[in-house]
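In order, the protein sequences belong to chains A and B. The numbering of the first sequence is my numbering, which starts it at 1 and goes up by one. The numbering of the second sequence is my numbering, which starts it at 1 and goes up by one.
Hints may be right or wrong, so weigh each one.
Once the Cα atoms are required to be at most 27 Å apart in a straight line, the calculated BS3-like pairs of lysine-lysine come out as [claimed, not checked]:
1) Lys90(B) x Lys14(B)
2) Lys2(B) x Lys58(A)
3) Lys102(B) x Lys41(B)
4) Lys90(B) x Lys2(B)
5) Lys110(B) x Lys38(A)
6) Lys157(B) x Lys90(B)
7) Lys38(A) x Lys157(B)
8) Lys62(A) x Lys164(B)
9) Lys41(B) x Lys110(B)
10) Lys2(B) x Lys62(A)
11) Lys164(B) x Lys58(A)
12) Lys58(A) x Lys90(B)
13) Lys38(A) x Lys89(B)
14) Lys82(A) x Lys102(B)
15) Lys82(A) x Lys58(A)
16) Lys2(B) x Lys102(B)
Beta-carbon label-pair distances, calculated as ranges [said to hold, decoys possible]:
17) Gln65(A) x Glu55(B): 16 to 22 Å
18) Val41(A) x Arg4(B): 38 to 44 Å
19) Leu162(B) x Glu90(A): 16 to 22 Å
20) Leu101(A) x Ala24(B): 48 to 54 Å
21) Leu33(B) x His21(A): 57 to 63 Å
22) His21(A) x Asp31(B): 50 to 56 Å
Derived from the structure by calculation, the hints contain no laboratory data. Yeah, the Cβ is synthetic: ideal placement off N, Cα and C, and Gly gets one too.
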Amino acid sequence: MSAEDHGALTEAVFYILLALHEPRHGYAIMQGVQELTKERVVLGPGTLYGALSTLVEKGWIKALQDDKNSRRREYVATDQGKAVFQAELERLEELLTHARLILGREES
Amino acid sequence: MKKRVFRFYANYEKEEAWLNEMAASGWHCVDYLFGRYLFEKGEPGAYIYRIQLLEYYTNHAESVTYLEFLEDAGVEVIASHLRWVYLRKKTADGPFELFSDKESRIAHYKRIIYMLLPLALFNFLFGTGLLGRVRPINSLNLGAALLLAVPIISYFKRLQTLEKENQIRE
Chain A
1 MSAEDHGALT EAVFYILLAL HEPRHGYAIM QGVQELTKER VVLGPGTLYG
51 ALSTLVEKGW IKALQDDKNS RRREYVATDQ GKAVFQAELE RLEELLTHAR
101 LILGREES
Chain B
1 MKKRVFRFYA NYEKEEAWLN EMAASGWHCV DYLFGRYLFE KGEPGAYIYR
51 IQLLEYYTNH AESVTYLEFL EDAGVEVIAS HLRWVYLRKK TADGPFELFS
101 DKESRIAHYK RIIYMLLPLA LFNFLFGTGL LGRVRPINSL NLGAALLLAV
151 PIISYFKRLQ TLEKENQIRE
């Protein structure tokens with residue numbers, strides 16, 4: 001991972017990487033994220049597709065079928081993508097720990 | 001009932017707003033080609049319209065996959081020309097926004113600016129006679145440059161606002 005890969009993920013990328021721990025096609029990602037977040041995160045089709053092609057370029061996810069023209073192309077997270085996701089979870093946990101630490105101290 | 005309307009829009013957001021106004025009054029756009037819009041009379045407000053500039057031409061494999069995915073999501077492609085696509089979705093099927101975050105809105109504005117800016121510059125250089133053999137000022141090219149400059153400035157302003165917000169929150 002390069003230094004650039006340590007920044008915060010956008011919410012769209014976070015949920016796409018999470019959804020792609022199993023192979024899914026675009027529409028299934030959209031629906032899955034919508035259900036999981038109880039419609040708080042509704043990925044726009046343009047946003048989702050832009051993110052998918054960027055993530056493929058970065059090597060964080062890959063398209064499953066060889067036939068690029070295939071309808072309902074499925075994607076899955078690569079090992080690199082999963083590592084990035086794991087690093088992001090650790091970063092988020094650190095944020096929460098710090099917030100609780102400081103706020104907890106102020107409250108008591 | 002059908003009707004044809006001829007119009008020219010340099011700014012796609014204004015064009016999109018107009019299509020939605022027409023839809024609200026019961027005129028649903030079903031086709032578009034070079035300034036000619038075809039409308040069909042129907043139930044007022046039955047559709048939400050969106051216009052998008054794709055990264056590739058509409059027959060490119062990436063675009064084909066995207067357009068098929070849109071179909072799955074209940075979005076209808078009513079027309080396309082070059083890299084522009086005209087989309088609509090039934091209002092009854094819920095909200096229809098192509099972009100749900102700032103990053104992707106920024107990317108879309110940038111894509112449009114990158115396409116329009118060289119065209120505007122080329123027309124400006126030809127129009128002023130800085131480029132080419134036509135020495136007297138060429139008002140046709142200058143006019144085109146000006147026509148392109150207006151939406152480019154509008155997109156730039158939106159881009160700036162989005163990027164400023166982007167520094168604070170996602």
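Verification of the supplied hints:
Restraint check: the Cα-Cα separation between Lys90(B) and Lys14(B) comes to about 21 Å, which is no more than 27 Å; the hinted pair holds. At roughly 48 Å between alpha-carbon atoms, Lys2(B) and Lys58(A) are farther apart than 27 Å, so this suggested pair is violated. Note on Lys102(B) and Lys41(B): the hinted pairing is violated, with a Cα-Cα distance of about 35 Å set against a maximum of 27 Å. Pair hint Lys90(B) plus Lys2(B) holds up; C-alpha atoms about 19 Å apart against a cutoff of 27 Å.
A threshold of 27 Å between alpha carbons decides the hint, and for Lys110(B) with Lys38(A) the separation of about 32 Å lies outside it, so the pair is violated. Restraint check for Lys157(B) and Lys90(B): not satisfied, since their Cα atoms lie roughly 31 Å apart, outside the 27 Å limit. Of the pairs offered as hints, the one joining Lys38(A) and Lys157(B) is violated, with about 34 Å between alpha carbons and a cut-off of 27 Å exceeded. Between the alpha carbons of Lys62(A) and Lys164(B) the distance comes to roughly 32 Å, so the proposed pair goes past 27 Å and is violated.
A distance of roughly 35 Å separates the Cα atoms of Lys41(B) and Lys110(B); the hinted pair therefore is violated under the 27 Å criterion. With a CA separation close to 46 Å, the supplied pair Lys2(B) and Lys62(A) exceeds the 27 Å bound. Taking the CA atoms of Lys164(B) and Lys58(A), the gap is about 26 Å. The hint holds against a cut of 27 Å. Simply put, Lys58(A) and Lys90(B) have alpha-carbon atoms about 35 Å apart, too far for the 27 Å limit, and the pair is violated.
In summary, the hint linking Lys38(A) to Lys89(B) is supported, as the alpha carbons are separated by about 22 Å, within the 27 Å threshold. Among the hinted pairs, Lys82(A) with Lys102(B) is consistent with the structure: their alpha-carbon atoms are about 24 Å apart, no more than 27 Å. Distance check on the hinted pair: Lys82(A) and Lys58(A) sit about 13 Å apart at the alpha-carbon level, within 27 Å; holds. Of the supplied pair hints, the one linking Lys2(B) and Lys102(B) is violated, its CA atoms being roughly 38 Å apart against a limit of 27 Å.
Taken as a hint, the range 16 to 22 Å holds for the pair Gln65(A) and Glu55(B), whose Cβ atoms sit roughly 20 Å apart. At about 41 Å, the beta-carbon gap between Val41(A) and Arg4(B) stays in the expected band of 38 to 44 Å. Checked against the hint of 16 to 22 Å, the C-beta distance between Leu162(B) and Glu90(A) comes to roughly 29 Å, which is inconsistent with it. For Leu101(A) paired with Ala24(B), a C-beta distance near 52 Å keeps the hint of 48 to 54 Å intact.
Distance hint for Leu33(B) and His21(A): a CB-CB separation of about 44 Å, inconsistent with the stated range 57 to 63 Å. Against the hinted window of 50 to 56 Å, the Cβ-Cβ separation of His21(A) and Asp31(B) comes to about 42 Å, which falls outside the hint.
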